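Participant: If you read the protein sequences in the order shown, they are chains C and U. Here the working numbering is used: the first sequence runs in plain steps of one and ends on residue 336. Here the working numbering is used: the second sequence runs in plain steps of one and ends on residue 402.
Everything labelled a hint here was simulated from the structure, so no lab data went into it. In this text the structure is predicted, and so the values were computed from the model without any measurement. Honestly, I wouldn't trust all of these hints.
[Stated by the list, open to error] In silico DSSO-like pairs for lysine-lysine, Cα to Cα no more than 27 Å straight-line:
1) C/K325 - U/K169
2) U/K169 - U/K277
3) C/K325 - C/K290
4) U/K277 - U/K260
5) C/K290 - U/K292
6) U/K330 - U/K277
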Amino acid sequence: MTQITLTINGQPRTIEAPPLKRLLDVLREDLHLTGAKEGCGEGECGSCSVLLNGELVNSCLVPILQAEGAHITTIEGIASNEKLHPIQQCFLEQGGAQCGICTPGMILATHHLLEKYPQPNLLQIQEGLAGNLCRCTGYTRIFQAVQQASKTPGTNSVPSPI
Amino acid sequence: MRSNVLQYDLTAPATLEAVLEILAYEPGEYTLIAGGTEIMVALAAGRLAAKKLVSINHLQELRFIAVTPEAITIGSGTTFTDLRKHPVIQSDFPLLKQAASWTGSIANQNRATLGGNIVNASPAADTPPALLACEATLTLVSKRGTRTMPYTDFHLGYKKTALAPDELLHSIHIKRNLNGYIPYTRKVGTRNAQAISKVALAALCLTAEGVVKDIRIGAASLQDRPARLTATEQALLNQPITPATIAAARAALLTETHPIDDIRSTAQYRAHVAANLLEEFLLSL
Ligand SMILES: Cc1cc2nc3c(=O)[nH]c(=O)nc-3n(C[C@H](O)[C@H](O)[C@H](O)COP(=O)(O)OP(=O)(O)OC[C@H]3O[C@@H](n4cnc5c(N)ncnc54)[C@H](O)[C@@H]3O)c2cc1C
Ligand code: FES
Ligand code: FES
């Protein structure tokens with residue numbers, strides 16, 4: 175077991191874990207943040223996406239030791255209190271979420287995309303979300319949600335720690 | 118089934134020197150983990166044999182891109198995102214930029230390293246054909262010292278490399294002497310995003326008055342390792358691009374490649390498509 179200190183959604187946390195334990199499992203089992211989902215467990219589906227020091231990563235492929243000292247943002251850190259983040263609001267309004275399994279990852283991938291390209295074209299949206307699989311929506315509504323979000327003020331903000 | 122993480126040991130020494138010390142102390146006992154996009158997938162599949170791992174992901178000493186007017190040196194810990202963003206990669210090395218943007222999704226490119234792609238040594242990997250065409254040189258380090266070798270000498274067989282058990286890939290060096298070369302690269306896979314190639318070519322050609330003056334062709338999934346197609350190159354050197362030259366080059370490609378049947382494709386398809394890719398390139402010159 176190794177002691178790991180990291181910042182999750184703005185809050186410093188210290189945990190004890192085997193060093194190769196996946197960040198995904200630490201989030202879900204140790205920290206009870208179950209927003210990140212396990213789909214494939216091998217980097218293909220993006221349902222476990224989180225931001226690690228601002229970069230989109232698949233948390234199923236990150237050993238917790240490599241997250242030592244890192245700042246992690248999960249879907250739980252995207253909304254502030256009871257108010258949805260503009261990206262979430264756009265997914266809701268455009269029907270970009272159905273069963274919801276892919277949605278936390280899609281929202282984080284969208285967040286990362288809009289930081290890189292505040293006004294993305296369709297190709298940039300498709301590339302930015304290509305690592306996030308959705309079995310329900312057929313993607314069109316997701317792309318519409320991203321386009322709407324790109325026109326909404328406040329999209330690039332992550333709430334400060336509560 | 119996924120492996121039990123409790124059976125694995127993972128450390129993250131603070132310096133490169135400390136990592137080399139560990140590798141030298143018990144050569145072959147430790148496996149390096151950089152971005153982890155191969156190692157963690159092996160863990161998920163229950164086929165991660167190495168029980169002792171050393172993380173090098175945090176070593177800034179391995180994550181750099183150094184540019185001079187003559188050459189570029191890329192640290193092995195450079196991610197595909199770092200590569201895609203770099204102005205000199207964008208301006209001078211379109212093959213490498215393209216390969217980096219093909220290597221999995223954005224989340225994968227944020228973690229996966231160039232060093233990991235090379236040392237993992239998959240015959241289907243995306244950056245090796247580009248690096249072969251660019252005639253890259255590798256720098257390997259160990260406690261014993263530093264050595265450099267042409268990248269063409271690195272892959273010895275299926276997933277076999279020239280890296281010694283106590284060695285680490287430090288950096289990749291490429292000369293900036295490709296002015297006038299016409300680049301070509303194409304990856305044929307199931308979909309554009311994060312599909313491993315069925316077959317891929319990366320090539321550079323210099324012509325003068327319609328005659329081939331220099332040509333370098335790197336290939337993926339056509340041999341048991343990433344490989345330069347030297348017989349094909351020979352068939353083209355100092356030749357004008359005519360239907361007869363193209364036919365000779367296609368024939369040479371088919372004799373020197375040995376694709377296989379596997380879950381992604383068949384040998385016949387790979388051979389046929391590779392010859393078509395070559396022809397597409399030659400017709401564009
Ligand atoms: C969803 C997904 C899609 C992918 N798509 C592609 C694709 O399209 N094309 C492609 O080519 N690859 C693809 N990959 C494979 C992988 O992302 C790349 O091979 C990547 O470059 C590996 O780098 P890494 O740093 O993550 O490697 P790691 O997993 O950290 O290491 C891989 C191997 O290299 C060794 N190693 C790493 N760094 C060094 C070093 N400096 N010196 C010595 N040994 C070292 C390790 O010991 C290990 O054996 C994909 C992977 C995933 C999960
Ligand atoms: S669960 Fe991590 S990418 Fe699918
Ligand atoms: S909403 Fe069901 S998988 Fe995307």
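Participant: So which hints don't hold here, by number, going up?
Facilitator: 1, 5, 6
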